[in-house]
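**Student:** This is what each chain is made of:
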Amino acid sequence: MDTPDFKGTRMIDRLCWAKKNLEPVQTDYRVVFEDSVDECCRILIADPNWLSCALQGGILPPVWVYHELAKDEAQPDFKKHTRGYLLHETQPIEALDEKSAIEYLIMKDLPQSIWRTWNEGNKPKMVICRKDQLPATREWRNAWKISDDLINKEQAA
Amino acid sequence: MAGTIAADTLTHSTAGSLATNFVVEGSAKGFVYFNGGRVSGSVSIYESFNKSSIADNATADYTVTATSNMSGTQYVVTSSANCNTGGYVGLRNESAATATMTASTERYYGGYGGGFQELNFGMTATFGELA
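Residue numbers (this note's numbering), protein chains in the order written: chain A, 1 to 157; chain B, 1001 to 1131.
Calculated from the structure, these hints are not laboratory results.
As the structure is a computational prediction, the values presented were derived from the model and not from experiment.
One should not assume that every hint holds.
Label pairs and their in silico Cβ distance ranges [claimed, not checked]:
#: 1; chain 1: A; residue 1: Arg130; chain 2: B; residue 2: Gly1090; range: 14 to 22 Å
#: 2; chain 1: A; residue 1: Ala95; chain 2: B; residue 2: Tyr1033; range: 36 to 44 Å
#: 3; chain 1: B; residue 1: Thr1100; chain 2: A; residue 2: Gln26; range: 45 to 53 Å
#: 4; chain 1: B; residue 1: Thr1078; chain 2: A; residue 2: Glu139; range: 54 to 62 Å
#: 5; chain 1: A; residue 1: Asp5; chain 2: B; residue 2: Thr1020; range: 37 to 45 Å
#: 6; chain 1: A; residue 1: Arg116; chain 2: B; residue 2: Ile1005; range: 41 to 49 Å
#: 7; chain 1: B; residue 1: Ser1013; chain 2: A; residue 2: Asn142; range: 32 to 40 Å
#: 8; chain 1: A; residue 1: Pro4; chain 2: B; residue 2: Gly1113; range: 30 to 38 Å
Reference excerpt, derived from the structure (chain B facing chain A, CB under 7 Å, subset only) [to be verified]:
#: 9; residue: Asn1021
#: 10; residue: Ala1028
#: 11; residue: Ser1040
#: 12; residue: Thr1065
Even for Gly, the Cβ is constructed at its ideal location relative to N, Cα and C.
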């Protein structure tokens, strides 16, 4: 099914169209990341309806739009967004494959401090894996960490 | 757009009138029904609207992110959950007065009997103004 020309259409209306016309897509990919050395790792899971939009193309805005909105929200005097039009007026991105969609999601939903420098520490701050590579039960969930076996090769050398 | 009706008021023959901005502003702007991982071992989203991801932060600790941001941080969420024979899901707060909400994220915890508990499932809906 072709995506209508959504440039200039409010994002929520595009999502209504997607909800009606696209099948949700569950992914096996998981993004494991550590926001703080003192905390357990977190796991990011893509929303199936969002993933169908990413795979379809012509619906989601470029990821820089979210970064601009986040910049506005980080201002100390932020009350309300005044540049929401960026979501609706910016040319939507083309269809992504599943791997590229997960990379987009990382840049959208993870703190930039993690994905911009994910491999600059003693070990990666972020790992993309498959669901079946995670522990099968929630035992000791608050102690889960990215394995030390994944020490960055550059650092190890 | 095809199929569009532009009207400020809807009027019923006997029941009265309703301003259409009441419909627009009062409708949920997003929802999520998620698997909290208590039984299956892993967190996932069953059903949703206007969400891009869920993060499994720790035991009974979840962050949901929107695709279309809210206009600010002053909006409303409502939630329900099950983690055993009961349970609840609520907004996690950083301080007594501040809930952990941004214009695009809502952070929730699962609870039962006064403590954090992994959820079987959680459900939330978001109301307010979109960006």
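**Student:** Hints first: check each against the structure and report whether it holds.
**Tutor:** Each hint, compared with the structure:
no.	hint	result
1	Arg130(A) with Gly1090(B): 14 to 22 Å	32 Å, violated
2	Ala95(A) with Tyr1033(B): 36 to 44 Å	27 Å, violated
3	Thr1100(B) with Gln26(A): 45 to 53 Å	27 Å, violated
4	Thr1078(B) with Glu139(A): 54 to 62 Å	32 Å, violated
5	Asp5(A) with Thr1020(B): 37 to 45 Å	26 Å, violated
6	Arg116(A) with Ile1005(B): 41 to 49 Å	46 Å, holds
7	Ser1013(B) with Asn142(A): 32 to 40 Å	59 Å, violated
8	Pro4(A) with Gly1113(B): 30 to 38 Å	50 Å, violated
9	Asn1021	15 Å, violated
10	Ala1028	11 Å, violated
11	Ser1040	9 Å, violated
12	Thr1065	5 Å, holds
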